[in-house]
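So the protein sequences, as listed, match chains A and B. Note that my numbering gives residue 25 to position 25 of the first sequence, counting from 1, and the numbers run on in steps of one. Note that my numbering gives residue 108 to position 108 of the second sequence, counting from 1, and the numbers run on in steps of one.
Bear in mind the hints are in silico, worked out from the structure with no lab data behind them. Beta carbons are placed, not taken as given, at the ideal position from N, Cα and C, and that holds for glycine. Among the hints, erroneous ones may be present.
[To be verified] If you want the ones that stay clear, here's a sample from chain B, every Cβ over 12 Å from chain A, calculated:
hint, residue
1, Ser74
2, Thr76
3, Asn157
4, Gly200
5, Asn217
6, Pro239
7, Ala328
8, Met340
9, Thr343
10, Leu359
11, Gly406
[Claimed, not checked] Here chain B is said to cover these stretches of chain A; the calculated rule only asks that three of the stretch's residues, wherever they fall, bring their Cβ under 8 Å from a Cβ of chain B:
hint, region
12, 46 to 59
13, 62 to 69
14, 92 to 101
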Amino acid sequence: MPIFQSNDLKRAALGVAVLIAALLPQVASATLGQPEITVQTDVELAHASIKSSEDRTGYRVHEIQLPSGTVMREFVAPNGNVFAVAWQGPTRPDLRQALGQYFGAFASAPRSKLSDRRHVQIQQGDLVLQSGGHMRALSGRAYLQSAIPSGVSLGDLH
Amino acid sequence: MVSMRALKMGLCVLLCLSAIACGGSDGTSGGGTPPPPPTSTVNTASVIIDGGPSASSGSVNTMFTTVTVCVPGSTTSCQTIDHIQVDTGSYGLRLLAPVLTLTLPVEMLASGGSLAECTQFVDGFSWGPIATADIQIAGETAKSVPVQVIGDSRFTNIPAECSGTGGTEEDTVSTFGANGILGIGPFESDCGDCDTATHGLYFSCTTSCTDTTVPDNLQIPNPVTHFAVDNNGAIIVLPSVAAGGASNVMGSLIFGIDTQSDNASGTQTVLTVDDNAELLVMFNGQTFGNSFIDSGSNGIFFADSSITTCAAPANDPTSQIVNFYCPASTLTLPVTIQGMNGTMTNNLTFAVGNAINMLENTDFDAYPQLAGTLPPGNAGSFDYGLPFFYGKRVAIAVQGAMTTAGTGPYIAF
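Just need the whole structure built from these sequences, with the hints factored in.
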């Protein structure tokens with residue numbers, strides 16, 4: 001029995017390790033579309049602080065003050081998932097972290113002769129990403145269209 | 001009388017030459033009005049709106065000039081580079097390494113690291129070291145000025161903090177759309193407080209690169225502020241352009257305000273800007289508080305859901321054209337711009353044409369009626385791009401500049 005117990009423990013430990021390994025890449029590198037807990041990951045990785053958390057009708061907003069001076073807002077739906085991320089400040093935040101699996105859409109946005117240093121608007125599947133402003137004052141947002149809680153106006157997501 | 005007639009004849013010849021040069025004489029194929037007569041003073045560089053450098057042809061509403069850079073202190077190790085974009089929305093001279101034949105010395109921090117920068121544009125980022133160069137534009141010179149060398153083969157390891165800011169890596173002439181960029185916005189540097197705060201802009205590089213603060217004198221400045229004279233701002237003069245567009249539109253970039261006879265302030269509208277170089281735009285019953293006038297934006301961008309946007313062609317479903325306006329007929333819309341000093345423009349209008357019809361003529365590269373959308377969520381921006389400058393003389397006074405029209409930072413026209 002002790003041997004079996006040990007094996008069970010090992011198996012259980014392995015199971016946990018596999019689970020953690022499976023979860024870690026997501027937890028460590030995603031916010032948009034992920035559970036609210038990842039907001040805290042963003043805050044810790046960016047050495048930032050949550051300036052305010054506000055419950056609005058139909059959603060909650062965490063306002064994150066980054067050391068760079070940029071403010072990031074993460075919008076959480078009633079189901080506990082982040083459905084939008086917005087930013088404004090002298091530089092963009094770490095969007096690889098904040099956008100997670102959706103980051104690639106910005107990095108590989110389609111370009112043409114019309115694109116040079118013009119603001120960006122991407123609609124790719126469920127994702128909408130917008131980047132605007134100018135040097136020293138950049139702003140933008142990304143959201144998942146299907147995840148926007150009913151009654152929430154796009155104009156509120158900034 | 002005689003001299004008057006001679007002048008008129010001369011003007012006629014100029015007009016005719018202009019029409020011929022632009023490939024048409026029916027008045028509809030572009031060319032616009034001729035550029036202002038060139039001045040011979042050393043504070044004036046010529047600018048052109050054309051298709052861009054050959055490695056990246058097809059620019060739209062992009063204004064270029066030519067800059068000479070030298071290894072600091074040298075009069076022989078120099079290079080003249082054309083197709084440097086003139087951008088009133090950014091700060092500093094940045095050169096694309098692939099076109100640079102000189103080896104400019106890279107700045108070293110007191111810590112021993114080489115200084116590099118992650119420059120963020122709205123659509124992406126550029127990475128490269130900060131080097132020192134002597135700069136010459138027209139007859140103006142600035143000695144030992146920090147400039148960025150973008151895409152330098154000695155600095156290929158882009159920090160994750162830089163690429164993580166997203167967008168396209170713009171480190172080649174093709175992705176950058178120019179051989180370099182000359183940022184002459186109304187402030188002295190591209191950061192502001194990078195001497196005391198890190199913003200993910202400047203990096204100290206040894207074996208790897210880390211975010212760093214930078215003494216003011218090592219940061220990238222608006223080079224105009226480092227000219228020996230004529231260093232309080234610049235004036236951009238462009239001719240008006242035919243509604244349907246034109247090719248090879250030429251104008252002037254005049255350095256200094258009220259420093260010489262050719263850059264005197266006249267009676268003009270002076271709009272001061274805030275710490276972000278922004279002002280107010282009233283349009284369509286709304287006030288857009290984070291608005292800006294920016295020669296580096298290739299159109300007029302604002303939110304107006306009542307204007308039809310363009311449809312993507314069937315063979316190019318991801319075309320960027322969907323973010324431009326395509327009204328059935330040209331719209332003329334009233335707009336009011338208000339400076340932070342409270343001064344407002346009077347009776348200003350702008351036109352929105354059909355972008356698809358305009359861009360069909362690929363021989364053109366200047367389009368005064370090119371306009372597109374800004375997402376309503378980026379609340380409060382009206383991005384008045386290069387079309388604003390057509391047919392105007394626009395002065396950009398640097399912060400603290402004392403001119404007879406007022407104290408910078410301001411935009412006047």
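A quick look at each hint next to the structure:
no. : hint      : result
1   : Ser74     : holds (30 Å)
2   : Thr76     : holds (34 Å)
3   : Asn157    : holds (16 Å)
4   : Gly200    : violated (5 Å)
5   : Asn217    : holds (19 Å)
6   : Pro239    : holds (23 Å)
7   : Ala328    : holds (21 Å)
8   : Met340    : holds (14 Å)
9   : Thr343    : holds (21 Å)
10  : Leu359    : violated (8 Å)
11  : Gly406    : holds (22 Å)
12  : 46 to 59  : violated (count 0)
13  : 62 to 69  : holds (count 3)
14  : 92 to 101 : holds (count 7)
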